[in-house]
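2 protein chains.
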Amino acid sequence: MAAETGWSLNPQLAKDTTPVGDLALCRVVAMNAAGFPWLILVPRRDGAVEISDLGDEAHRLMDEIVAVGAGLKSVVRCDKLNVGAIGNVVPQLHVHVIARRFDDPLWPKPIWGVPLAPADAAEFAGFVAAVRSRLGL
Amino acid sequence: MAAETGWSLNPQLAKDTTPVGDLALCRVVAMNAAGFPWLILVPRRDGAVEISDLGDEAHRLMDEIVAVGAGLKSVVRCDKLNVGAIGNVVPQLHVHVIARRFDDPLWPKPIWGVPLAPADAAEFAGFVAAVRSRLGL
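Protein chains in written order, with numbering that gives the first Met the number 0: chain P, 0 to 136; chain W, 0 to 136.
A pair counts as met if it fits within one copy or between any two copies, since identical chains are not told apart.
Pairs of lysine to aspartate or glutamate, EDC-like flavour, derived with a Cα cap of 16 Å:
id: 1; residue 1: Lys108; residue 2: Asp78
id: 2; residue 1: Lys79; residue 2: Glu49
id: 3; residue 1: Lys79; residue 2: Asp103
id: 4; residue 1: Lys79; residue 2: Asp102
id: 5; residue 1: Lys79; residue 2: Asp52
Hints listed in this document are in silico derivations from the structure and should not be mistaken for laboratory results. Here the structure is a predicted model, which is why all the values come from computation and not from measurement.
Input sequences plus hints: build the corresponding full structure.
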């Protein structure tokens with residue numbers, strides 16, 4: 000099982016996101032994309048690339064995916080959660096949890112790989128604060 | 000928690016895939032897309048749409064995602080697994096587990112939403128048989 004010692008957030012993820020806070024296993028960060036409430040869970044385990052690298056802690060990852068999804072649904076309108084562990088560009092294991100709406104600009108297409116404009120800064124800050132509060136972070 | 004009674008594979012998933020077999024929680028089916036070894040796990044729980052609908056069985060889903068990913072990696076060349084629960088088109092809860100390669104035709108883009116040609120029929124049948132054998136199905 001990978002250790003927390005030595006872990007740090009991948010520089011590309013750090014550049015692209017805003018910190019929300021730390022759960023027991025994962026750092027939660029937010030992507031700023033207008034119209035798409037988008038959180039990313041990053042297990043603080045050095046060298047983890049695939050979910051299997053977490054060993055027994057994969058269950059905790061699942062618990063945190065569910066908790067973050069519930070938190071997201073409670074602060075924004077959401078018709079469907081999109082959950083994905085892709086990692087083709089940033090190899091450090093991370094899981095996207097995105098709130099999708101039937102009337103969002105890309106529905107029903109997946110969001111990954113599509114260039115997106117950032118949201119209004121105040122609106123995004125409000126979203127991050129609401130998620131932080133809801134998750135107790 | 001959702002029940003197995005009343006569950007049946009969504010007709011669109013049934014049309015688009017080939018059965019591989021049943022694990023304790025999920026039916027495993029294979030998508031036929033040339034160059035992309037692609038399995039889908041469908042929890043046999045009536046009405047499940049989001050992972051949270053599984054309740055405590057979300058841990059079992061995670062175990063089966065890891066097991067199917069390991070099985071996939073053992074039968075094909077794979078540089079990165081792509082795992083996703085999207086469900087924007089087919090609402091029945093299902094999880095994609097796809098073997099990606101650095102030299103596949105779409106790398107590093109995600110595969111979802113891209114029209115793909117089917118593989119050679121014999122090659123696909125061989126893939127399904129190999130996965131079935133490896134997963135003990």
